[in-house]
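J.: With the hints as a guide, bring both chains together as one complex.
Line by line, the protein sequences are chains A and B. Residue numbers for the first sequence follow our numbering, beginning at 2 and rising by one. Residue numbers for the second sequence follow our numbering, beginning at -19 and rising by one.
One thing to keep in mind: the hints can contain errors.
In the EDC-like style, the derived pairs of lysine to aspartate or glutamate whose C-alpha atoms are separated by at most 20 Å in a straight line are [as the list claims (entries may be wrong)]:
hint	chain 1	residue 1	chain 2	residue 2
1	A	K60	B	D30
2	A	K400	B	D53
3	A	K413	B	D53
4	B	K208	B	D53
5	A	K70	B	D86
6	B	K(-14)	A	D150
7	A	K128	A	E266
8	A	K496	B	D281
9	A	K70	B	E87
Residues on chain A that point at chain B, a partial pick, calculated with CB under 10 Å [to be verified]:
hint	residue
10	M315
11	N319
12	E371
13	N402
14	S412
15	L480
Because the hints were derived from the structure by calculation, they are not lab data. Yeah, the Cβ is synthetic: ideal placement off N, Cα and C, and Gly gets one too.
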Amino acid sequence: MNRSKPITGELLALKNEIEGYAIGYGLDFFPQVFEVCDYDTINILAAQGGFPSRYPHWKFGMDYDQLSKGYTYGLQKIYEMVINTNPCYAYLLQANNWVDQKIVMAHVYGHNDFFKNNAWFSNTNRKMMDVMANHGTKIRRYMERYGYDTVETFIDKVLSLENLLDINELFETSSLKRHRLELNQQQIVENEDDGYLIDDRSQALKSFMRTKARLNKKEEVKVDEEEYVAEKPLSHKTKDILGYLIQYAPIEEWQADIIGILREEAYYFLPQRMTKIMNEGWASYWHSTIMTQKALDASEIIDFADKHAGVMHMSKQNINPYKVGIELMRDIEYRWDRGMFGKEYNECTDMREKACWDTKLGKGKEKIFEVRKSHNDISFIDEFLTPDFCERQQLFTYKYNPRTGRFEIDSKDFQAIKQKLLSQLTNFGQPIIEVEDGNYMNRKELLLNHVHYGVDLDVGFANETLRNLFAIWRRPVNLKTRYEEKDVIFHFDGKEFRPHS
Amino acid sequence: MDHPIKRDHARFRKIVKGKIRDNLRKYVSQGNQIIPKGTDKFTVPMPTIDIPRFRFGDKSQGGMGQGQGQPGDPVDGQQDPNGQPGQGEAGEGEGNKELEVELSLDELARILGDELELPNIEPKGKKSLKSTVDRYTNIGTTGPDSLRHLRRTYKQALKRQIATDSYDPENPAVIPIRRDFRYRSSDTKVEMQNAAVVIYMMDVSGSMGDEQKEIVRTESFWINLWLKSQYKDIEIRYIIHDATAKEVDEQTFFRTRESGGTLISSAYNLCKEIIEKDYNPNEWNIYPFHFSDGDNWSADDTKLCLELLDNVILPVSNVFCYGQVESRYGSGQFYKDLTGKYGTDTEKLILSKIKNKEGILDSIKEFLGKGK
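With the rest of the complex left out, here is chain B (with noise of 0.2 Å):
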């Protein structure tokens, strides 16, 4: 059996979900994302729920510290109620709980599925990609000495001796020489992966404000890491639009700002190219990501991107992901073509609306919760 406090676990983890004693769900310090801060620096939140109490207000009270510094300077940021690692009894820290790491990516991404509940991807298709890996299973007799082989070394060396006669079993003195040294070398295998590949259609229409594009950037980002911890190679590539639709290079699909009307259907005419031209569907995990602000420019056009969706984009994919940002002029009419077509739960076609940046999250958990 396991611990007890197992059990509060969970269950604290459901409260924090808003699963279970609603009631309590108010108290939970909020901050549920994961922010980037520099190259590698990441703010991890610990959710918290604060049972409330009597307590003094936090600014009034001000506080103590230690160092050198004159009146007037700054103490740096906000009180840290975790400035204490080493020695202690579990402490009353009181205060929001968000700390601030340095991770590495792959890190980063397993601590976003395990925030967000991400199943690992089942990728379809047969394993194509060839992809070589060095494995150390062989046994050589030159190398660095990081390298060496301490025991077939000496196995080396006593086989010799035995064989020279110069082992004596009354003194079982091993000495190898140089000739005795055994390293660790390398063998090349082929290994071979599965290949995945998500292109990003963005809308770049006039309603497209930067705040639109900055929720599409970071959604992406999360979106990229989480792929690429689960697929070893994954491509990626980028088409804008307006009406008419471009391919386009990293920094331009986060940059761009075009203006002009939309024609969606330009957008997955040119996704449709792609796939045909370089991704075979049977060989590749295809993943197709639209974010716009819903507003197509005719009926007819929508018309035209639903039996593109049909016919050449949703047989092909792994899953199609349309994302609606709600831009200052509302959120538009696309959607719910979309779910008056598909309906809301479908197998290859995942829509979610993102409402401002804190639906980030939960949009990401959307897209990628179904483990496809």
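Only chain A is shown next, with the shape it has when bound in the complex (with noise of 0.2 Å):
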């Protein structure tokens, strides 16, 4: 069952024209496919991240209901779904009117340049279409053997704890881990022959444990992944709690491959989550270019005006990454076109010549593209903020006012502003956790320790996703954090929620 097909005809010509315009700028991109299809389809695509298959679970029905009631109650419209592919895959809505066609496929060549050449996706699978495919086979045959309702009672608990990862992993190459393997080997024969007595207890007492993790497995794991393992003891701190569980509970062989398949959609989907200012940005940077520079029929301005604006509105209770991405993209353009940054051009204080400044550098085109490709939204946005731009795009942040029971405008200093933006995309807006200890009071209770950062944790929230770790530990778990100003350890035995302090 096909339910969208291949451009052909009209758009097939627009898709030449714009394409030949994307490399004309100098955009480097995975080869593009477009295809077409109805506003069902791509409510479908869009509830499964843009995949045209997953594994089977209700959370896919749940997106999937809003944004068709969305779509039917004329609340919401999607114009364009893109995935991160080799080759790239998009979709267009059939319904869109031709200038829509022209933005929507403007845009894609941006998102498909930052796909290719931005750093955070480099090692990305880009063969994701077929794993993501396998993934659901590979489910749908656990839901046979096993049940279907066991089966996905297992990914919701396994989904709780999605959002637990570490940035760092998405560098983690299997060539780089056996690298480190190999040093770590050299490491222990080099201890071996100086044979620390203290030291050989304690690898003793580990390689105990590990038996005794490991009785609980029916089957070994791949054995270059094991010997990877034992060379990290159960209390190593990690923040990529999936990973860690899969090496240290006990659990079912099934049970470890499904969070090793949500594990790595998870780390897959990460990027994105990193780089939405930037990638909606640099997308829309680049549509706004070809559009206006070259594409656009003059039949069809006051349409690209009225849609261009709404994909940029501003609000006061969010920020809309695609306005402060373009903005922040044109910035930076500008800056580097005119030498508006460095030393000099900072230590000046003449508000007039400072104004006018032009060095006649003419690099801006150069420095977007070199941003484009080495930064994420944090590094981004810590470098290349500047109090003019927050004071010209209206920025401020606001908090709550529990006298008025309203959210109100708190500040619009330039500090105050960043600081929140950072904050907010500190760990892509996720907060940090990470395994302390796997073998806490020596009683093999788990320790996760929040590290807070000023933003207490929802501990109604905390209280049900510490009840599905332990489903999956089946042993205590306990939460390090800071709740009202206190140090707290939040513990769940199976039967109780209560803190320590």
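T.: Here's what the structure looks like:
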């Protein structure tokens, strides 16, 4: 059953035209495939994260429910979906009018270039379409074997921990691991030569605990991975909690496989979560450039302006990544065109001189291409957000005022804005949680640590999450955090959730 | 074969309704109610299941925005996770998905029907109510330009040109002149309709407080909405009663606060009179609704009520609905009297207890869920 089909005729001609412009501007992208589909199909694709085939789970049904309701009630409409694969697939809505299709295509070439060139995407699997489909087949098979509800319930528990990722894992390629493994083995050989007693004892203890853990596993994990594991003690600190559970939790092989599947998918989507502002900014920069300089017909200008303004709308309640992204990209281009950076510029105190600063450097284009290659949202904001920019963009922070019961504008100060923005982007907007000890209190309890940067966790959710974690770890689980200005350890032992202080 | 996501979707709907995976029910975000706001704005809730995750407490977090304003200005309402239509990948939207929508009443009725899975009503009786409908099935020589029938106009022009020999096959230009213009015109048709009447009876005795009346008002609003979507013409009559009953207009029905004792039979008697006088049960679909807190004055009166129901009201009605609203004096006896006599599962009588505002939707589903 084909729900989407390749573009033909006029659209294909349009694609070739836009692609020509994109190449002309120096964009460097994977082969681009456009397909058209109806609104129901695009809702399905969007609900499945852009992929035509995923594992069975109600959460996709939930997203689909919302998207189709939103579409039916006329609240929202998806114009386009693009996914990070090679060749890069993008879906166009059949019902889009001509100028929409132009914008979308130009926009997609921006995303495609970003996927191909941004460093954070360098290790993503570009054959993810097949991988996702295989994951679906595997999980369906587990469901046939162990029961739909059993498997689904387990997936729910794992999804509960899906956001506990370590961004450094993105660069953990297998060759890197192998290299480290070799180094470690060398180290061990050297250590054995020295023969420290204390270290021997802890090694013995570790290997004992390892066999205990392994007894529960029906089959061995792949050999080289196993060796790699062996060098990491149960108590090693990591933010890659799913990876940790695969190694150490007393779970069946199919369960380990499912955690592995969900972990792989989560890491696949991680770079997109880390570069939302840049990615959308870059794509918007290019659709705007290509449209206004090349592709737009005079008769389409009003429609284009209307659509573009819709995408760029500013909200008082949250930051629109499209808007902030494109403006920052343009700001960088402008500054590097005129040499408005560096010591001399920064130390200049004459406002007028500063405003008219122009060294005719002309490196704007070059700079933004470089920026799109090496930054993520955090470093992007950290390096390029300026007080001028915040003022021009009317950025502000807001906070909850318990007295009025409303959210109110808090500050328009540059440092405050930058701080807030960075803290929202830190760890892709998720709390930083790491495994601190897998043998806490020497009772094989799990101890997680929440690295607290000023914002408390939602305790209700933390409670439920710990329950789910307990179901996988099968021993009491603990979470160290700060809550209402106090250090506290939340403890869940299978029956009761309670704080220690 | 349909796309596999339909299965995921069906499963999600079942979880939300609490039919499967009971353990997930607690994560379903509440707010199952479609709330009227102003005249044609409604909040449509989207049920979502929040998978629990470690996440930041909402309020201490605050946020960032863009736009005009000075410190201290409110940023308007809650954080808005849906504030971004337009392009983009499916986001990581978190937060409750309540959407404000402007809707026509028809659409609203359809949403209500979808949400509660209400069956369409199968009307009884023959179609007896005459109504006239204008249908554009005819062609005329006069009319407004907007109704001009191009094909017929050109056909006419062609005919004329051939007849007057001004048609040149080498240069087949057909140019209509004023005389050739043809317009769509309407024929009036008489259509027979199913007719329906809803008779609302409400107990306004001293024990029914404002909150109880509010519940009745909201519930009747939705019931009217649904029935109106099912029947083209619908009549609505209102009766209020304490120890005596009288027919009132809509305004009074929802506003009055009488006090005094309660004789439910008075309302049933008046209902019977109205039906006998105005609505022949062979031609009309009759829906009596009675809302009360269930405190009847005496057991004798209850007996009288049951007789009235048995002999007159039930036989002529499609279905008789009794909703008992819990008041601050608790829930009365009348519900038990009715269940005692008819049981809870009868064809002609639907009983529902409405505990509080949250119970309204369930109660509507009980009343209308049978498609009577």
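J.: Now, for every hint given, state plainly whether the structure supports it.
T.: Structure-based check of all given hints:
1. A:K60 / B:D30: Between A:K60 and B:D30 the Cα gap is close to 9 Å, so the pair holds against 20 Å.
2. A:K400 / B:D53: 11 Å, holds
3. A:K413 / B:D53: It holds: about 12 Å lies between the C-alpha atoms, which stays within 20 Å.
4. B:K208 / B:D53: 44 Å, violated
5. A:K70 / B:D86: Holds: A:K70 and B:D86 sit about 16 Å apart, inside 20 Å.
6. B:K(-14) / A:D150: 17 Å, holds
7. A:K128 / A:E266: 12 Å, holds
8. A:K496 / B:D281: 54 Å, violated
9. A:K70 / B:E87: 12 Å, holds
10. M315: With a closest approach of 4 Å, the A:M315 hint holds.
11. N319: 6 Å, holds
12. E371: 25 Å, violated
13. N402: OK, holds: A:N402 within 10 Å of chain B, min 8 Å.
14. S412: Given a least distance of 6 Å, the restraint on A:S412 holds.
15. L480: Holds: closest Cβ of chain B sits about 8 Å from A:L480, inside 10 Å.
The structure is inconsistent with the numbered hints 4, 8, 12, although it conforms to all the rest.
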